[in-house]
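Asks: So the protein lines, in turn, are chains F and H.
Residue numbers for the first sequence follow this note's numbering, so the first one is 1 and each next one is one higher.
Residue numbers for the second sequence follow this note's numbering, so the first one is 1 and each next one is one higher.
It should be emphasised that the hints constitute simulated quantities derived from the structure, not laboratory data.
Just so it is clear, the structure is predicted and the values come from calculations on it, not from any experiment.
All C-beta atoms, glycine included, are put in the ideal place defined by N, C-alpha and C.
Cβ pair distances, simulated, as ranges: (1) H139/H <-> Q849/F: 23 to 33 Å; (2) P21/H <-> S11/F: 33 to 43 Å; (3) G45/H <-> T448/F: 53 to 63 Å.
In case you want the letters, here they are:
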Amino acid sequence: MPKSLGLVTSSRIAWRETRASSSRFLFVVLSIAVGVGALTGVRAFSSAFRHELLSKARSILAADVSAGLSHQLTPADEAKLSAILPQGARRTQVTQTISMVSTPQDPNPLLVALKILDPAQYPFYGSVSLQDGKQLRDVLNDGTVVVGEDLLIRLQTRVGQSLQVGSLTLRIADVVAGEPDALVESFNLGPRVMITRAAAIKAGLLLPGSRASERYLFALPAKVDVASFRAQLQSVLPEAQVADFRETNPTITEGVDRATSVLSLVSLIAMVLGAIAVAMAMRAHLQQRMDSIAMMKALGATSSHILRIYVLQTIFLGSAGGGLGVVFGILVDRWLPHLFRNLIQISPDSGVTLEAAAIGFFTGLLTTQLFTLPSLLEVRRVRPIFILRRQMQEENFGYSSWGSLAGVRQRLPQLLAVATILIGLAIIAAVLSNSRTLGVEFTAGLVTALLALLAAAKLILWLLQRFLSGTRSWIPQWLRHGLANLYRPGNQTASVLAALGVGVMLSMTIFFVQKTVIADLRNTTPADLPNAFFVDISPSEVDGVRTLVNQMPGVTSRVEMIPVVAARFSAVDGQTPASHPDKGPLPERGRTGERTVSLSWDQKIPAGVTVTEGKWWSQDEKGHVVSVSERVSQRFGIHVGSMLTFEISGKQLDARVVSVHRFNNLRAGSRSEFLFPTSALEGLPTIWYGGVHIQADKVPELQRVMFAKYPTITVVNLADALRIINAVVDNIARTIEFLAAFCIFSAIILLASSIAGTRFRRIRETVVLKTLGATRTRIGGMLTAEFVLLGSLGAAVGLVFAHLLAWSLLHLFHLQYQFQAAASLVAIVATAVLASAAGWAACFRILGQKPLAVLREE
Amino acid sequence: MAAPMIDVRNVNKTMRSGGAPLPILRDISFSIPRGQFVSIVGASGSGKSTLLGLMAGLDDVTSGSIQLDGTEITNLPEDAMARLRGHKIGFVFQSYQLIPTLTALENVLLPIELNSNVNGLARAKDLLSSVGLAERMHHYPVQLSGGEQQRVALARAFVLQPPIILSDEPTGNLDSVNGSHVLELLLNLNRSEGATLVVVTHDPAIASHATRHITLRDGCLLSDDAPAGDL
Chain F
1 MPKSLGLVTS SRIAWRETRA SSSRFLFVVL SIAVGVGALT GVRAFSSAFR HELLSKARSI
61 LAADVSAGLS HQLTPADEAK LSAILPQGAR RTQVTQTISM VSTPQDPNPL LVALKILDPA
121 QYPFYGSVSL QDGKQLRDVL NDGTVVVGED LLIRLQTRVG QSLQVGSLTL RIADVVAGEP
181 DALVESFNLG PRVMITRAAA IKAGLLLPGS RASERYLFAL PAKVDVASFR AQLQSVLPEA
241 QVADFRETNP TITEGVDRAT SVLSLVSLIA MVLGAIAVAM AMRAHLQQRM DSIAMMKALG
301 ATSSHILRIY VLQTIFLGSA GGGLGVVFGI LVDRWLPHLF RNLIQISPDS GVTLEAAAIG
361 FFTGLLTTQL FTLPSLLEVR RVRPIFILRR QMQEENFGYS SWGSLAGVRQ RLPQLLAVAT
421 ILIGLAIIAA VLSNSRTLGV EFTAGLVTAL LALLAAAKLI LWLLQRFLSG TRSWIPQWLR
481 HGLANLYRPG NQTASVLAAL GVGVMLSMTI FFVQKTVIAD LRNTTPADLP NAFFVDISPS
541 EVDGVRTLVN QMPGVTSRVE MIPVVAARFS AVDGQTPASH PDKGPLPERG RTGERTVSLS
601 WDQKIPAGVT VTEGKWWSQD EKGHVVSVSE RVSQRFGIHV GSMLTFEISG KQLDARVVSV
661 HRFNNLRAGS RSEFLFPTSA LEGLPTIWYG GVHIQADKVP ELQRVMFAKY PTITVVNLAD
721 ALRIINAVVD NIARTIEFLA AFCIFSAIIL LASSIAGTRF RRIRETVVLK TLGATRTRIG
781 GMLTAEFVLL GSLGAAVGLV FAHLLAWSLL HLFHLQYQFQ AAASLVAIVA TAVLASAAGW
841 AACFRILGQK PLAVLREE
Chain H
1 MAAPMIDVRN VNKTMRSGGA PLPILRDISF SIPRGQFVSI VGASGSGKST LLGLMAGLDD
61 VTSGSIQLDG TEITNLPEDA MARLRGHKIG FVFQSYQLIP TLTALENVLL PIELNSNVNG
121 LARAKDLLSS VGLAERMHHY PVQLSGGEQQ RVALARAFVL QPPIILSDEP TGNLDSVNGS
181 HVLELLLNLN RSEGATLVVV THDPAIASHA TRHITLRDGC LLSDDAPAGD L
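The following block holds chain H by itself, in its conformation from the complex (with noise of 0.2 Å):
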């Protein structure tokens, strides 16, 4: 059997709250194969954000290990994690997370320029005109609706083709229409890509595409509906 991209064992996070200790994840288990599309589901304050971010690297755990393709990231220093991060992840926020002072078409650039020689022009640009902003490549994220701000942090998300995309809410901010559409942007890349999707949402519309469902509550993971081999 292949090794799973994503492999998290016995994981906890605890935080520190005025003194007294916080437990926000306990004892999460679980690995995601190559290619699937899976959805992290849960009530507000259940972990699903920070279990994400530990997945990314974002943030260490108190205890346990994640793997990414291969790569023990729990003990990994900060550059080193900085370079898998920009080689292996790309990462769609709840709050796009664009920088504010670089036009869409240098936002979808930076990932290119942080961790490839390659020009990326051409492959920004085309990115860019696939989620329909062809005419906006120039405008500052000021000068975007948040609609069109998301579809700019879809296209930086892919643009280094990563093997792991990990998505926040990446609907939450947005009306059903552009919702819709910046689902099925993100659903359209992912299998031109082939890319290993997780997504953190409340979105039943998303979750709803999704072939594999890990529900958290209160930090525990309450139910995970992989197929047997993937467990």
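So that you can see chain F by itself, here it is in the shape it has in the complex (with noise of 0.2 Å):
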């Protein structure tokens, strides 16, 4: 043997080592590959969902940033514009007003919500749907309008007739059917008229003094961050309202942020979850080639060669896992939009990018590298006496009992391989998911549990053999063999049940905290919620109306009114209210000015309504009382107790805030800042909002009837902008499902990993047991018996602890956690299932084998 075993050599001895152990490492290379391909498909879909997610968000802002105005922008305020605003930004700005319109046939004018905008530019994010499905660039010109269904129900006439708008005849180009920045807009006081800039100057409508709310929109680049533009535009124009796209629906914003952190906890999990199965699978392997470790000692090989030369091979499976794992991804990430087309909406030209594939590649890498440590240190303690006491070191290197310091000074290197890993795990967990405090609680979190695993099932084993020395006469001898393999010494069950708990805790953890997640998402956004609004009703109409409304087809809901109250807000402990903007989300637009507010009533908590501070009033309540929202508590200083003071048609009301609430901005019935009891506004000048949820294809129809009976009651269309928020929910949801499976997939594959680490121990003694007796399927019972109950305990033992980190989950979420008895059982019988196949599939040809080949070996 050379002084210095040289690259060459020892990677020559590596790779045929590696070659002729080929189907012994395929569950390695496989345990790798999924880990690597969880990984790389997690970070490109993952990528692609907040992608996507967020373009819907964007298109529901129809831009990154928005700024709104209640007039026009300075030359001074231009030009600091002009200075904040990132190379490659867009910007373009979108008026907001009231103007009369009639038609030649219908002089008649009517009252329509004017929107001017530039249709080359606006939307800049989601598309304006027109009736017959063209481009709003393509129909909006300087001599064409684009008009809402109800005006032309209203004014009785139609696409292609024409519509005076200020001193300007245009044409009637097309039908809007929806407006992908519906939901940030106030309700519009009439029918929805778009119309180009141009032609609302040549209309005259765009005069200085003009009664008109300003919306410049912006869009970024993609590496501009969107937070500090907010707030350098904040800064510019310090009366704006300014929005970004990530709180336009606290909904959409939830459920991303709860999505990327589930699914960088997936991609982590599958990752571990492949690293114990490569580490339990190379520990079966070197166990193996103690005998070729042991004769290249006695030829004079040192420690530092021979771990070279299996450093090497682990590099060699975990390149070969790795690339087979980016393939994964990349099938993955292609495949599963096709698989899913109709349950996950995300592009398939997302692709896997090189950086993806670099970073799953080489994490596969190192992990091997790092779980494979505490291993290939036990390389050191063999020595060549070996080769003629083999039965005697297979158990025992030597080393003294963990409880003296000799002990412990001998396991060193082992116990600092062990630190190693985790510093390493940490590091990796943190990259990954792009936090330091999760890197760290994570492992943190992942070391208690296998601690405590192997605790259980440590515990679980004793109690098991307590069991079975009670129970030698009635329990038939193959059950009793297969039961008693569990915890005969050496066996290292309790590592395997410890592995398998980790794959049942870590897969079930995500399906209870998906499932509860998910329902969440649900109740937040039912299917139901109203998505057509009806704007002033008059409090003689309501009753009508219900009944009309409820008569409709298609309609699903009961509908939903809200009375509402215009009021001036004077004092806040008898003190002016001064807003403060940077104090929290600004109020909803179309809130025309701080003082001016909308007051409501109801008795008890409406729907959609959460008390989060104070109590909700009670019946013997004493003087005027109101609850304020969040966002109005937070913009002026209002807290329980304080004092508020309204005018209303002259006459001033002073309340008493009891509570602080949150509404749903979704559901007409709750969009309350103010909200009194019933007593406290009788008799005041009301007008009354409501809203339904409906068919979408019967809206036009609905509002063809309101007209005809109520034809001062406008109806508006949101059943569009809904179905994008409902369609967001399904999305994260399957995308959640799909990733969980791919998770319990990762744990198949460990579990058939550590099953077949012990073949070769189950291979010798099935020969050993068909030399004095025993019938194939005697043997059989024995091993299905041990496979069972191998899965049955894993699963138990991971169960309990995958319900503890449901709960401490949950309960980060502000969700509630409820036992889910049935999954648990599913569970258990699941695994016991899954581990006899994967025990017989890494078994089965043992008990073909014909004991004389084995023995030959000896």
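The two chains are supplied separately, each in an independent frame; assemble them into the complex guided by the hints.
Replies: Dropping the structure here:
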């Protein structure tokens, strides 16, 4: 043996050994490949998923950032804006105002909501749906308008006819079926009319002093940080109401955040499961190579010579697994959108980037090296005498016991290797999740769980031993032998149980959490949310509208109504209310100034409203009381106990704040900033707003019927906008379910690998049993009993911790944990079945093997 | 004349090595009567262990026939062969082949549990005591020396009182002191149990105790000093 074993020689030995054991290493490579495939696929998926979701969120704002003003920008404002606008950013202006329009056939004018825009720019995200499917920029020009369906109904006109707008006559080019940013705008006071800026100016609609609200929309290049641009914009336009796409709809924002957390966790889990399987398989492999290692040492090789060979071998395996894993990841990323076309609407062009592939590959390689370290270090303990006394050394490398100082010192390299694994894992987790905290917490949690699982596994095995010793006479021999195999010394069952438990624990945690998260998402955006709204209902029309709408075909929810009283908000605790724009989210768009507000009433908490501070009022409350929204409380510094003063139709109303509430702004019946008891606002001038859920294709009919009976009530169609939110919720749900299934697949590979790792011990035992007269049926019964109990116990141990983890994660998400008995039972049965299948897949050839062939190798 | 306990007729065994056939045994024929002590000797690679394995039904012959106690085993199904082994043959291996996860007592009990419904605890303990391991019966193989492990293997081989004991280099892994002790036990047990004993060995001490010596060379039967009536 040369003094230094060269890299070429080491590589040659490593490669030949790997090739000679290629069937044994199949599980190792597959384990790495599944982990890397999950990681690569998840990152590509996650990136495309987040991009898709966020582009949907962007379409709701029609931009990345918007600034709302009640006036046009001054030249000074323009200069400041130009200074902060990043290179490559786009900007457009949308003006909303009211105007009167009429047709040649009907000279009676109609009040409409005019939207003045540049069709070549607007919208930056999403699109305006037109009835004949064309693009807005192709139909809207300086000589045309596009209008809402309700305008055609009210004016009894049609596409192609003329419409008088201001001093201009324009042709109606198409019908607006949906606007992407409908949700962020206030309810329109009349039917929609879209017109170009040039046409609006020519029509005399945009004169100095005209009453109009301006929205400046910005689309930013990908590398620009939205939050910092928003902050700059707010500073140069302090009077503007600035919003970015992330807050357009909190449901989507929260959904994306939760989904991203879950997706990151899944990729980490899949990676760890793969790494554990690699570690166990490599340990079993090295145990098989003990005689070769002893022989090389007998010939003069040092431990570092030997280590070099096996480190190279793990590099070969890690590279093979990593490469295969990247292919898996690409296939997953390419295939899945086609397979689940109707379920996951993510663009198939997303692709696995070089960066994602490289991260997946090197993560697989690194984790392989890390997790095989402890086994590789045991090579140092192999002594050449082992080739003459194999059975004596198989179980003991001459270690002193753990309790002695010598034992700890001897195991120091292994302990350092374990510490290295943990640090490496924490770093990888932190990089993958972009969060140092999550990385550390994940690793700490995993280690704690592993130790707890090991302890639980040992306890269960001890209990099993006690149980079996008392049942010697009445349990069949084959069953007793199979069960007893679990606690035989040296069988490493505790480690296998812990590994199985990890797989079940992590997979079922994901399952329990996603079930609850999805249920909560669906609860927040139930399918029966109102998608058609009624504006300007007088008190005498409320009952009639309810009756009429309830009789309409396609109505699938009850009509929600909210009364609104206009008031001036004049004081907080005797002081003029000072707006604090930096104290949280801005109020809804459409509020025309800080001091004109809408009051509403209800005796009980409306649906969609949650009290977050204080308590809802009781029947015997003294004096006037009010509940304010979170947004208002943050904006004006109001808290429980504050005294608010309003002026309504010349009268003053003082009310004490008893609670702060949060509302779902998708529900008509709950969009109230100020909520009073019914008695406080009785007799005051009131206008009602309503909402109902109706099948999207029935909305035009609803508009016609409503106009015929109640021509002063405007019907606003939001069906399309809400369809976006429902589609997003569905996307989140399907993706999480798919990735959880991927994680479970990783656990199956881990299980098969851990059982395959004990294959050679089983072959030897089977041969001896056959020699002693055991039939294949009896041996089969022993093996099946062992595998079924292994799977069942592993699942049971893992499930205990899965429930604990799910409880704590859901607590973190402020969601309610519920024990899922049926799913738990299915998990136990499924794991037992899978353990048997995996065990038999690894062992089935044993039964047919001729004993002499094995004995000859001894 | 009583039927032979072991009857080997024109047995050939060929294996495939890298595609080319490799003859291990060529046209071996002999009979062993009940109660005889036979040693099979020969140089390494002469096919001794393979012959013993074929006689135990641990592998299939390429051609020829083998009968054990009147039963033709050459085409016997695997499970039937296992049952036959359990009742008819006790095997002692060179490398002990104890199940490492069973104690000494459990290893000796195993044949009883596999092949019988009787409570063999007393028999197992007696056997372990007779081989000097009364104090070690609850130890695992890893806690026993080589000689002690082989004594456990002996006790296991005799526990069901099989009519045939096959042994492959029983003292091959032992020092001379332990080897003598194991040999003595083997002979004593055989005398008291009355089995037909076939031992593959390099050890002249063992061979000298045998009443018959079969010598193999390069897979062929070189010599057989059986009494004339046995051939």
